[in-house]
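Novice: Counting in the numbering used here, the sequence shown runs from 171 upward without gaps.
As a list, the in silico DMTMM-like pairs of lysine to aspartate or glutamate whose alpha-carbon atoms are at most 25 Å apart: (1) 576 x 535; (2) 259 x 273; (3) 517 x 561; (4) 511 x 418; (5) 378 x 463; (6) 378 x 462; (7) 259 x 313; (8) 378 x 354; (9) 511 x 377; (10) 378 x 278.
Quick caveat, the hints were computed from the structure, so don't treat them as lab data.
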Amino acid sequence: MIKDQQRLLIMPNQKVQNNFLIWNNKFHLKRGHLVLNVGRTSNTLIEFEEETSPETQLDLTNLNMNVYLNTEIDDKWNLILGHQNMFQKNRNSKLASDQLMPDANINDIGIYSIINFNFDSWGAQAGLRIDNRSIEAFNIQPDNHTIERTYDAFNYSIGVSRAMNSSDFRISVSNTFRAPHLSELLTEGVHHGTMRYEIGDPDLKIEKATQLDVLYEFISDHIGIVINPYINHINNYIYLNPEDSLVDDIPVYRYSQTGIARLSGGDFGLHYHPHFAHNLHFESNISVIKGEDQFGQPIPLIPQNKVNTNIRIEFDRDKMISLDNIVLEHIYSTLQDRVVKNETQSKAYNLINMGVNLKLKGKVDGSIGFGVKNLLNESYMDHLSRLKAYDINNAGINYYVQLAIKLSKPLKNKPE
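Taking the hints into account, I'd like the entire structure generated from these sequences.
Specialist: As structure tokens, this is what we get:
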């Protein structure tokens, strides 16, 4: 919760209040367990353009329930049956002069089943799921009309894995869905966090996606390799499309839909520590993604490909305050020139970060870390940065100090 603070607030500004109430339960049964989780969250967002009255004020309430039964059929088969439900209520305050999204009630209901099979080094998993989302929005400006939408989906997944002596292999195919969000359907106004005037489309259809995912992992005493390519075929892909127009000098983005979109790429990792220096670790991770429509043309707001490499030296010292590790990190982001009309390209950039971590041991366990980010003060702008519309670079050289304290310790068994 953010309350009144002793600071001078300039306009525009926001006030945010969050409240969480969560109740988790686990009941142990003869051949499995039953889990019941219930939660309530509330969020109030108030935006001020002037000091007198709020420009917008949204009150969002969520009620969530998740219940599932996990049962062991025998030593090879395991079955999970579950139900999920969410009710969401969004209300605009009458004190606000404007509304970004209308008042609405959203109800999600889903039931699912997952079966697992394990035999020797082989494993398999299959799942089925049925979902329903209903949306009722009312008091929609400017004429206070009402709309109702219902979305139904049937999804499946199947995967096979094999664990070998020093490697693991997994392949899976999954079919998923995503119903349009309320903001994608009905928003119309300035999103100050992104400097965009966003316009929704009440006729958006449900997204349906089928993904093929392959994972190969090799681990030995001194080297680890991860290869994880994927391809995702999406029907009715929803995206923000930049338009060649302005509202009050703010660029307009409209939620749009393409018939087919393909997202392909992969994550690849290498971890090496030599035999002669077990405390020296070299890690490199590559993330690659390409997005295009059914005509082979790019789709907007696809992140840059990145290479993250770090060298870490670990220390094994048993003192009250001791040096834990030193890390040197290099991040390289490639040029993003596959953009749509009215979307700007993003240049490649290099970042170097350095950090030192200390370990605390004794009556209080924890860690102290300090370091510097963007050591060479690189001037850069990430392709998905929310500050890009303002033509503001990401942070230059900056320093940090962090402290982590463990507030709990493992319980000790009392002697009988």
